[in-house]
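Engineer: One letter stands for each residue in the lines below.
Number of protein chains: 2
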Amino acid sequence: MDQKASEKDPLVLFMPSGRRGRFEKGTNILEAARQLGVYVESVCGGRGICGRCQIEIQEGSFAKHGITSANEHVSAFGAKEKRYAEKRELKDGRRLSCSATIEGDLVVDVPQDVQVNAQIVRKAADTRLIERNPAIQMCYVEVDEPDMHKPLGDLDRLKLALERDWGFSDIIVDQHLLPRVQKILREGEWAVTAAIHQDMETARPALIALYPGLKNEAYGIACDIGSTTIAMHLSSLLSGLTIASAGVSNPQIRFGEDLMSRVSYVMMHPDGQEAMTNAVHNALNGLIEEVCAESGVDPTDILDAVFVGNPIMHHLFLGIDPTELGGAPFALAVSGAVHSWASDLNLALNHGTRVYMLPCIAGHVGADAAAATLCEGPHRQDEIMLLVDVGTNAEIVLGNRERVVAASSPTGPAFEGAEISCGQRAASGAIERVRIDPQTLEPRMRVIGVDAWSDEPGFAAQAEKTGVTGVCGSGIIEVIAEMFLAGIISEDGVIDGSLADRSGRIIKDGRTFSYVLWDGDTRLTITQNDVRAIQLAKAALYAGIKLLMDKQDIAHVDRIGLAGAFGSFIDPKYAMVLGLVPDCDLDKVKSVGNAAGTGARMALLNRGYRREIEETVTAIEKIETALEPKFQEHFVNAMALPNKVDAFPELARAVKLPAKAEPAAADAAAGGRRRREGRRRRT
Amino acid sequence: MDQKASEKDPLVLFMPSGRRGRFEKGTNILEAARQLGVYVESVCGGRGICGRCQIEIQEGSFAKHGITSANEHVSAFGAKEKRYAEKRELKDGRRLSCSATIEGDLVVDVPQDVQVNAQIVRKAADTRLIERNPAIQMCYVEVDEPDMHKPLGDLDRLKLALERDWGFSDIIVDQHLLPRVQKILREGEWAVTAAIHQDMETARPALIALYPGLKNEAYGIACDIGSTTIAMHLSSLLSGLTIASAGVSNPQIRFGEDLMSRVSYVMMHPDGQEAMTNAVHNALNGLIEEVCAESGVDPTDILDAVFVGNPIMHHLFLGIDPTELGGAPFALAVSGAVHSWASDLNLALNHGTRVYMLPCIAGHVGADAAAATLCEGPHRQDEIMLLVDVGTNAEIVLGNRERVVAASSPTGPAFEGAEISCGQRAASGAIERVRIDPQTLEPRMRVIGVDAWSDEPGFAAQAEKTGVTGVCGSGIIEVIAEMFLAGIISEDGVIDGSLADRSGRIIKDGRTFSYVLWDGDTRLTITQNDVRAIQLAKAALYAGIKLLMDKQDIAHVDRIGLAGAFGSFIDPKYAMVLGLVPDCDLDKVKSVGNAAGTGARMALLNRGYRREIEETVTAIEKIETALEPKFQEHFVNAMALPNKVDAFPELARAVKLPAKAEPAAADAAAGGRRRREGRRRRT
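Here the protein sequences line up with chains Z and B, keeping their order. In terms of the UniProt record's numbering, the first sequence has 9 at position 9, counting the first letter as 1, and numbering is strictly consecutive. In terms of the UniProt record's numbering, the second sequence has 356 at position 356, counting the first letter as 1, and numbering is strictly consecutive.
Certain hints may be false.
Put simply, identical chains are the same to the list, so a pair is met inside one copy or across any two.
Said to hold, decoys possible - Cross-link-like lysine-lysine pairs, in silico, DSS-like; alpha carbons within 25 Å at most:
hint : residue 1 : residue 2
1    : Lys-80    : Lys-573
2    : Lys-215   : Lys-82
3    : Lys-215   : Lys-656
4    : Lys-588   : Lys-573
5    : Lys-82    : Lys-25
6    : Lys-656   : Lys-573
7    : Lys-551   : Lys-150
Because the hints were derived from the structure by calculation, they are not lab data.
Produce the complete structure using the sequences and hints provided.
Structural biologist: Encoded structure:
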């Protein structure tokens, strides 16, 4: 707020931030926004040529704020603004805040969609508005021409101009620019746009790219390197819009399907790490080409890049041998945020492009979990939130603004269908949804690639094309949960052989029984071993969650987010019926599938989020489940469906759960112990 | 000084710094030195294993300081010190300051030659002791082992150890170390030595190299890239000693003998700059190999590098096209100090090695002149010093602690023998010293490669091997000065044809006369044109100096330093007889031939000197001689020998100068004007 302002001066309210202040008549609106800390973009520094500082005046009486705002409370179009509106498009009602001045009370809307390049369209998927404060700032300056009386170098005069017009002092200059600075200055006739990278406000600003004349765009990529899929978003750093997205299977799959097999590959092949690092770099360069082709963006205009991934993906991306993550004490080479150069990581971007990687939380809780935490923000809430990313190792984060704790739990690959007799990856022909009639014990199901449910007309014809080839992760959760709800399996996970009398779907299979889910060209059965595998996996997950709840001293969570690919597809209700997660109001259990990618985008568009997640990760208390004495007890209790000791009252309101019985505790405990030891050795 | 210290506490004086303070008995001597700001090296951080912190106790009564110092005033050998003395050599009288404590009054000598590697010997040439405060610090630390309860990464725990033991916070880590940090930590069994680069105390420290266990050495190179010769010194950053030096002809000579022909080459060949940049990088890598081979040092142990050179060498080294330096306004791409990476400049050193280049003063006054200024320190003196580096463009610096001014003057290549009929480069067979008998007008001379003077026994036999092939720069200065002193040429530079009657050495040569300097297999004559060429060159130089003296409002300089290769070989007396430089006490005129190289070494060994020269260069007032109205007048006056208007009373005390006559002013002025215009166009 203007220090000279008095109560008689106009009152200005900026939306959506809600910041307000009084300013003398004649104050420039951009200047007023800056004084209030409202982020309004500007590349040209108020020369009225970039058009980035557009705002909209809200007309009308805003009684709540005591403001009557009108277009007449702003100065008329000046020369700069007229020139801009003639040369470029300035939508009706839009003004350039660098030119318009305050002449009365105002409600000023700072639109979040200011785009000056017509070809760039917003992606439909991009629904979340992220407040911007990027690490890259595009700064147009007019540089003094060389003067024999003051023989300062061209670069030195450019630095002076950046200090004079933009307040940057003590600028670091990337070596690659030195040979180019003279040509660019002359090409731009002493007017250039400097790309300044400043991740931390306390760090020295770095000049990383330089363009002749006005360069009115700059881009960044945010990337989630998953063990299965790599996803990339291309965003404008000046408008915040996501303008292209692409994904690809992680090519490291050819070295090993899951994380641990990739670590084994590295341990057994001298060049294994290098080969996998190259593979991921190549895949990333392919995605860069793809998003650039889709949007017509030049890759050298991508000036910032943010990456997240689980610890093993994180290490392989950075060229670090992940062997240490394969065994206790699971030492990360680096856990803090990593600042690097795209060129050092072989990424085909601008020479000066910087790379930021979010911190890892622990040896099995990676930068992807940190990004999901940043996105979902348990640390910003009063409610206690549980965030779970289910994979071979589940990453678990639990807490609220008071305290956040995290752990990983060795669930193994069962949820991904790997230890299930009829399991398969989520692809065409896989059963993904299942319902079982508790009276007839007959199932109906949905198959990936087929629109109709199996009891609907047209299913058979469509399914002929895809085949019905197996059951994917979400299908396994549903079929076992439905078997439990239908009374086919007991609370302790035993398939009830006595039902064979009632239904041909229950068949004897050696000393145990199986359930025939599909009997077509292939026969898909859920065996007793399949049920056990899911029990073991979900018990490990739940035990990890319980340890964190113990640490927090809580018996109930307010909110649950299921992250990752698996989390996107499972039905929260069935996850809870099986007891993967603790009891919770079902309306507050949600898939947050792309939380890691969104967290990466947040860190790309706003450096403040980088500091936020760094501080949060430092403060997060890490629990090593393997070292907790109560893990075993929680594990044994969690073998039961949904749980031997924990009640699920919220779930019971939505689903009719079978009555409780005595669990086969000894059996479950023995199995649990064997399982855990086996898993830990392989991890 | 210990804050708790009282007047009763022991008084400790450190030499050679002369800093003193009182400390409580039992205070560690290293700690006392640090408190007083006395630089004492230590790699192991006081563990008594590196031996770098050696000091010597001076015994006796130091009345001036009121101290009686004795070995008994220091604690007896402790366990650490005994162990070190047993394992390694600890010279008689030496103590480890990290172990010995103060027990009484002491005079402590901090030796400047502490070396712990026997194979490293001091170069004889290295006579100047440079106070050390290098940008590289070697820091031994013991890092906590990984702990599953606190899953901080290995690198993160290393950073914590560096903060705990060495006070470095917020460390930047070079990307190339990330893949190696885990192996190095394990190889060193959690003890490692980190190389920390911190050029400015306010900058974030950077971890640039990491070694398992104790790494008790680190090296740096200082390099002067001359247009003719490239010289490199390899120094220990831990002892300050120069341990190897090497030089090589600048391979760019094949693209052009002098600077301007190299700029022309770039302008005419699209790949010219790249070819010359590669040539100098290759030459530097050859020198690196050479100094490393000579000293047995691994190139990857060279962690810091300082370069100086004239503006065109500076630009070509950095990969910058020097075309802009070829014409007005002679715009430097960058004038300030440059911080870069050796790997970006294709130097085969450690991945993390940093490069520092001193600032340039102006478009024709380069980083070499800045380094010479740093070395000779006019800005540190009360006396007014003139520093001249004679080349195709002379670089001139003049001033004292009050004010320093600088300029370049277009002397052309005459001093290098290029426009002289019998001129040649300083090589075997070149006449380098000349004396002329004023009675007989007979010369005697010395020839490079021949020990005897030409009138001494054995000359003929030796000269048969080398031949007498031409006259090099210093020889030309001497022969023309001697011709002037012998009355062969007049004050205005005309060879006196009337002397042909007295001596056969004076011969008619068209409308003018020549002097026969040598008449053997080849005949070497000094023609009237040769004399004119030297007059024009020296007049340009002197006029530049006079402009700076005008700016300083002085008529006399206290001290003159002649820098560069030319400056190393010319006799100051003859330079003054010809009037290249103004009158000065001859005892205070000295060759400072290697001042630029020494300045580079100073910046290598002490980052404080980097700040000193940066501040000095910023403060230096630059005069563009081409724009000064008085240049022409000074030039015309300086055509006379030694000068038409300026007196040389100091010189006259040492040398009998011919009586003054009327100069041929009109002729000289016309020549000067033509010359200047011609030169500037080519520059």
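Engineer: Out of the numbered hints, which ones does the structure contradict?
Structural biologist: 1, 3
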